[in-house]
Every structure is written in structure tokens, then in C-alpha cells.
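Asker: Protein chains in written order, with the working numbering: chain A, 30 to 524; chain B, 33 to 365.
Quick caveat, the hints were computed from the structure, so don't treat them as lab data.
Some hints here could point you the wrong way.
Unchecked claim - Derived pair list, reagent style EDC-like, types lysine to aspartate or glutamate, alpha-carbon separation capped at 20 Å:
(1) A:LYS367 / B:ASP330
(2) A:LYS358 / A:GLU444
(3) A:LYS33 / A:ASP239
(4) B:LYS300 / A:GLU323
(5) A:LYS367 / B:GLU237
(6) A:LYS307 / A:GLU469
(7) A:LYS367 / B:ASP127
(8) A:LYS367 / A:GLU323
(9) A:LYS307 / A:ASP257
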Amino acid sequence: MDTKIVLSLKNITKKYPGVLALDNVSLDFLEGEIHALLGENGAGKSTLIKAVAGAINLDGGIIHVGGQDYQHMTPHHSRSLGVEVIYQEFNLVPTMSAAENIFLGDRVSTNPLVDYGTMRSKAREIFDLFNVDINPNALVRELSPAQKQIVEIAKAVSKNVKILIMDEPSAPLSVSEVEHMFEIINQLKQKGVTVIYISHRLEEVFRISDRVSVMRDGQYVATKLTKDTDRKELIRLMVGRELKETYPPRSNLPGEIALEVKNLTGNGDQDISFSVRKGEILGISGLVGAGRTELAMLLYGAAPIESGEIWVDGERVRMRSPRDAIQQKIGLLTEDRKGQGLFLEMGVGWNISFPIVRRLSKYGVVDTKTEKDITGQYRQRIDIKTPSMEQRVINLSGGNQQKVVLAKALAAESEILIFDEPTRGIDVGAKQEIYHLMCELADNGNAILMISSDMQELLGMSDRIIVLCEGKLAGEVQNEQFSQDYILDLASGTH
Amino acid sequence: MNNSTTTISNLGARIGSEMRKYAPLMILIGLLIFFSIISPNFMTSRNIIIIIRQVSFAAISAVGVIFVMIAGGIDLSIGSQIVMTNIVLAIMLVDWNLPLGVAIPLTLLLGTVLGTINGLLSVVLNVHPLIITLGTASIYKGLGYIFAQSRNIMGFPDSFRWFGQGYIGPVPVPIVIMITIALIGSFILTRTYFGRFVFALGGNEEAARLAGVNINGMKVLLYAMCGFISGITSVLLLSRVFAGQTATGQGLEFDALTAALLGGVSFKGGEGTIFGLMTGILIIGVLNNAMQLASFPDFSQNVVKGAVLLVAVGFDVYQKSAKAKETVKKVAA
Chain A
30 MDTKIVLSLK NITKKYPGVL ALDNVSLDFL EGEIHALLGE NGAGKSTLIK AVAGAINLDG
90 GIIHVGGQDY QHMTPHHSRS LGVEVIYQEF NLVPTMSAAE NIFLGDRVST NPLVDYGTMR
150 SKAREIFDLF NVDINPNALV RELSPAQKQI VEIAKAVSKN VKILIMDEPS APLSVSEVEH
210 MFEIINQLKQ KGVTVIYISH RLEEVFRISD RVSVMRDGQY VATKLTKDTD RKELIRLMVG
270 RELKETYPPR SNLPGEIALE VKNLTGNGDQ DISFSVRKGE ILGISGLVGA GRTELAMLLY
330 GAAPIESGEI WVDGERVRMR SPRDAIQQKI GLLTEDRKGQ GLFLEMGVGW NISFPIVRRL
390 SKYGVVDTKT EKDITGQYRQ RIDIKTPSME QRVINLSGGN QQKVVLAKAL AAESEILIFD
450 EPTRGIDVGA KQEIYHLMCE LADNGNAILM ISSDMQELLG MSDRIIVLCE GKLAGEVQNE
510 QFSQDYILDL ASGTH
Chain B
33 MNNSTTTISN LGARIGSEMR KYAPLMILIG LLIFFSIISP NFMTSRNIII IIRQVSFAAI
93 SAVGVIFVMI AGGIDLSIGS QIVMTNIVLA IMLVDWNLPL GVAIPLTLLL GTVLGTINGL
153 LSVVLNVHPL IITLGTASIY KGLGYIFAQS RNIMGFPDSF RWFGQGYIGP VPVPIVIMIT
213 IALIGSFILT RTYFGRFVFA LGGNEEAARL AGVNINGMKV LLYAMCGFIS GITSVLLLSR
273 VFAGQTATGQ GLEFDALTAA LLGGVSFKGG EGTIFGLMTG ILIIGVLNNA MQLASFPDFS
333 QNVVKGAVLL VAVGFDVYQK SAKAKETVKK VAA
């Protein structure tokens, strides 16, 4: 293998409020290698890509590329050095043709007008190279995800790509399409292009990559030659945090069944059955796109149920709107706090009392005294750090915002709480607090459903775990059978 | 973030938000001082009442619009609603000889129906209300013209004069009604759970839905309210003009929207106060009146009003970006 280093990262550091997203990361990439980048959610992979692409400003470190050191990379500069990124969300203009997208922003000839002829033939050339049959005149919005992916790659190739970064490129593709993509990637490799391949599907990493680097919690962990490592080692490197997080002990034994779901279908999920008891924490595992959040939305009445039954406290209930769920004392803490959970421009107290503000009203007028009492109570109970209850939520840290979301659900007297990625994007200290609160809630007899992509957290917190795969229930794992490998196998459908 | 920077940035934020709250008021006071210096006839109680009565009609409708705007919507059709309801009321009173006690409630009902249509269309078609109300505005206005058949409808009962031309004590009736509606509106907006739902809808619709708010129902209700209130404006305007003409009400949405934007209502929704709105409407009134006193030609008044609207929107955008910067700085600290 050629050992020429084309991209070298030295002590890259990036801080976000409350989180050190990249902590002194140093990493080299070689010419013509396929280098896989592995890590759990929040490990810092995406931030690292953005650093290389010049999409963010660094707080420290040097990017060495094209024979020069850069402290501040700009998107323009990065591109001129031959770095191209294919993000998970495609960066294509849906209403333009494939050819137009490929050459967007470029002049294909000296013709002062848009030279569609040259554009088309050049696009065709690239597609032929990849051995794919895409009509250059087809509008991008009419293409399949796999074809869009190829248009993205073609776009990069047309720009003389030297380093191609692909963020979870296989996520929207079927198995055979992934195979085809691999062929194209290998072709690029033959031409000396360096491919940085981000994925959390381990099988793919073994199939395609020459080397693999692992990141964890914003730190660089290790780089291995793919042929010298195995699945077990990579998982250990990915999740092995040296007891940095401890999971509080639990006292109560689960009680009666609080929520039972029978053959639930809708929102992309099919035929899902499970139950959760009072005082129990039920973990819900699965890969991105397995239908976990979709299940939460069904349970919460926020998405239409096609068939199946939901039983709360032994009675069948109808979930036609979130209001029904709130009435059944089901609370949802959404994955997307800012987009779905909070009113960012409003105050802390305003947010907490919002779901019960109607109940707090007499003749429609809000009883602000009772409101203050209640919101103050929850602020104290879950220790929300804010200078005042009038402080706008947008000014709080991620951890405290999450606590406001929790306070909202608690103020509504929810007894069945669905936590969707409760610790995403919050720092270690706040995570600990959230864990303690969840355990305390369970010990007090609440039923808790916890969706998480953080395997360690899921194993540490749950009494039982159900695993979803492609919208279906792939299995249920009891505490004594907990093993990361087994759950990952279920989640990836290989079991 | 340590304690002292927290307090300082909080203070900064507070001063910023106070400024934002009182900026329209400062502008108004500045204008009042300026015009009272250059024109001795300006700052008389008679002229002030004239100013307020002049804007009271748009102000009443604006209270309805501000609810829609805070909830993240917009209603461009209120002027056209008034064109139609105004003609219908005139026809009911003159052609059909209906008593006031029947015709006026029917007019308010018609206004409510027109608003409900706006709301239902925006919910069912799921198209931006800007487009919906642009369309309905054309329809409502067109229907007004059809009903009027190019007539200037006259011959109302004298008792009808009171609403637009009468006084309660020294205060003209439209002003009393404006103040009443503004106070009720402010109360609903700030003190009731309904008011909070309105802010929630504009602040984060999805979060509101997940908190159990019936967002579609709310939207329809708000447009219906807006229509009802413009029905009131229509009654007052017909009584004031005392002739059923299709010219009445046209362009009223422009003053209402400008006032709302001047008064700190955001185009994106989620914020706004009746106090700001009233300040905004008075700024427009003062400008109108002063230009008339200075005998500006009508068309140059349009130029000034348009410029004022742009300044208001520019100010809104500037405030937003200043606020964003401030937040970023705070987060970085």
C-alpha cells in the first residue's frame, strides 16, 4: 500500500456549549486507502468531518492537507484541495437534472451560456465509468436514493476529488445497492482517491475498509488495520468507557403491567407487541431507522395507528391525539428537544407548566400563583439550573433543557414516561443526573420506556430490552441475557 | 460559565429585551415631540382625538390580526372582508329594511364565517396562509363589488349614526370600542391559557401539538375571531361613512400589518403584545395626520407609509440577528 499521507489532523479540538465535541484528535489518512471511521452517536465523527470540510471553526489544532497546514479551513478552500463530503442528507437540488446537479457551480466549457450538451455528455461519461444507467436529464427528485447517492459521487468525481468523505452512505440503500456502491468506491480507490467511510454497520467496515479508526466521546481511540482486527475488538474500542458512567442501583421490583401493546401497526412499524410494568425500565434498541421513534409517536397518539391495541392499566384505550395520551398519563420526551419538546423563546416556567396550563385555569384565566408553586417545585426536585423561571429556555445548556422537558412531563403527572434518546448531546455530568432521575422515577412506581442508541447506557439502565429491526420486533432480551453482541445481532437482522 | 458573566449577560439580555419592548414607544414619543414643535395645531386635544379616531378602525381589526400573527399565521384578507361585509350590511339596512338588532349581528356572523373559511382552507389545503388569504381577499372583495352593483347605498336610519359618529362623554364611540377590544385582547393574550396556546402555536407548532393542543382547531378559531373583529370594524366604518361603498375598508390590512410589525410582532410568530400594536398604530396615525396637516399630497403619504413598513420589518430582522449573536456569544462564554 502506498504510504503517502494526504490528510493529517493534529490535535483537533472543538468545543460546543457543555460538550467537548473533539478533544485533541490526531489522525492520518493515506493516499488511496479506504479508511473507516467508527464510533457511537456523539463520538465526534460528524464534527470531525465538518472540521475537514471547513464547515465549522476549530478551537484548536491543525489540518494538514495538500502540503500545507491550516488552522482555519473554509468550505471553499477545502473543496479546492479536493476534499468532497457526501452528507447523509443529500446536497442535491431536487428540481434540477442529474447533469445540472453534477456540474452545479462549474463551467463545463468556455461557452458563455449554459452548455447543456457538454454537461450531459460529461455526466454520461462519469455514469459509464461507474457502469450505471442514469439519464443525465432525469430530475433528481425522480431518482431513487441509490441513484441520488451515485449523482453525489459523480459530483465529487467531476470536481477532481482527492479525498471523499462519506457519512453513513449505506443508510438509505438496499443490500444490492450497497454492493454496487462498494464497487464504485473500490474504483475510486484504484485511482488513488482516499475514501473516509463513516458507518456504524460493522460488517460494511470489514467488507470495504483498509484501515479503521475508532472515536469515542470526542476522543481518538485507536486505528487498526482492518485485516488485523475483529468485531469484538472494535466494539470494545467503541463502547469501552472505563466506568466513566455508573448506573444507579434500583430498589423496587416491577409491579403490575402499566402499558401493554398488542400487534401495533402504523407509522412504518408492524405488528409490535410488548408490555412494561410499573417500576420497570424497558429499553428499546435498534439501529437508526428501525422505527423506535415511530413507535414512541404511535404510543403517544402523535401518529395514526393502523391496527393493534394499546392497553393502559388493564384497560384498552384509544390514542387518537397526544391529548389522549396525556389523559392516560403517558409522557413523551422527544429525541428532538428543540424541534418538538421546547418553546425556546419562552421562559422556563412557561415551558414546564404548558401541558397543564389549561388545568391551572379558572374560567380560562391562568392561576399564576399555583403555577409558580408547581413549576418551582419541579425546578427544585430535578435541580434545573437557571437564574430564574423567566429565563428563556434557549439560553440553558443541553442538560438543563432536557430537565425542562422532563419537568414538563412530570408536571403533567405522567406515570408512563417515554424517553427518546434522553442523553443525546448532553454532557457526562448531566447524563448522570438524568440517569438518577429516571431510576428514582422507576422506583416511585412509574413505568419507563427508554429509547437509546447508546448501547452501554441501554444495558446499564434497562431491566429488559426489546429490539426493533426494520419496523418489526426482532426480539426481547431479559436482564440476565444482556449482551451487546446479541442485541446488535438482533438489531442488524443477522440473527 | 461563571456567575459574574451570567449576571452580566442576563442584564444585557434584559436591557436588550426592554429596549425592544419600548423602542416603538420611543419612536412615537419622538414623533409627537417633533411634530408639536413644527406644527402648533398638532398637539391639541381635538387633533389627538382626530388622530386616534382615524386609526381606531384599523386598530380594532389589527387586534384580530395580531392573534393570528402571534400564532404564526397571517391574514391579508381583512380589508376585503370589510369591503364585503360593509356592502352586505348596507344592503340589509337599506334594501331589506332589517332592524339594526338583526342586521348588525348578521354582519358579525358573516365576518366570522369569512374568517372561518380562511382558517379551514389553510388547515385543509395546508398552504401558507399568505397565499390562502391573498386568494380569499380577491374573492371577498369581488363579491362585495358584485353585491354593490356599482351603487352608492344610502338612506340608513339615523339611529345607526351612533356607532361611527357618536360620543360617549367626550370620547368618540369607535375609540371606546377600540380601547375595550384592545383591553380584552390583551387580557386574553397575557392571562388566559388560550393566550398561551396562541404563543405556543407560533413559537413551536410541533411542540404545541405534542403537548396536546388541538392546533387545527386553534387555527380555525383564530381566523374566525379575526373575521368577527373585522365584522365589528365594518359596522363602525359603515356608520362613520354612512354610505355603502366598495371603497370602504380597502387597504386596511396594510395599516394593521404595518402597525403589528412596528409594534414588535414577529412575522414568524411567537411574540407580540397589544401594547406594542397600539403604539404601532398610533405611529401610523401620527404620520398620516402630520402629513395631512403639512398638506403632503396623498401619494407621497403612500411613499412614507411604505418606507415605515420596511423600516419596521428591517428592525425586526436586525433585532433577531442581534439576539442570535448575543445568544451565540453567551453560549461561547
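Asker: Now look at each hint and say whether the structure bears it out.
Answerer: Results of checking the hints against the structure:
| no. | hint | verdict |
| --- | --- | --- |
| 1 | A:LYS367 / B:ASP330 | violated, 48 Å |
| 2 | A:LYS358 / A:GLU444 | holds, 5 Å |
| 3 | A:LYS33 / A:ASP239 | holds, 15 Å |
| 4 | B:LYS300 / A:GLU323 | violated, 28 Å |
| 5 | A:LYS367 / B:GLU237 | holds, 12 Å |
| 6 | A:LYS307 / A:GLU469 | holds, 12 Å |
| 7 | A:LYS367 / B:ASP127 | violated, 57 Å |
| 8 | A:LYS367 / A:GLU323 | holds, 18 Å |
| 9 | A:LYS307 / A:ASP257 | violated, 47 Å |
Comparing the model with each numbered hint stated earlier shows that hints 1, 4, 7, 9 do not hold.
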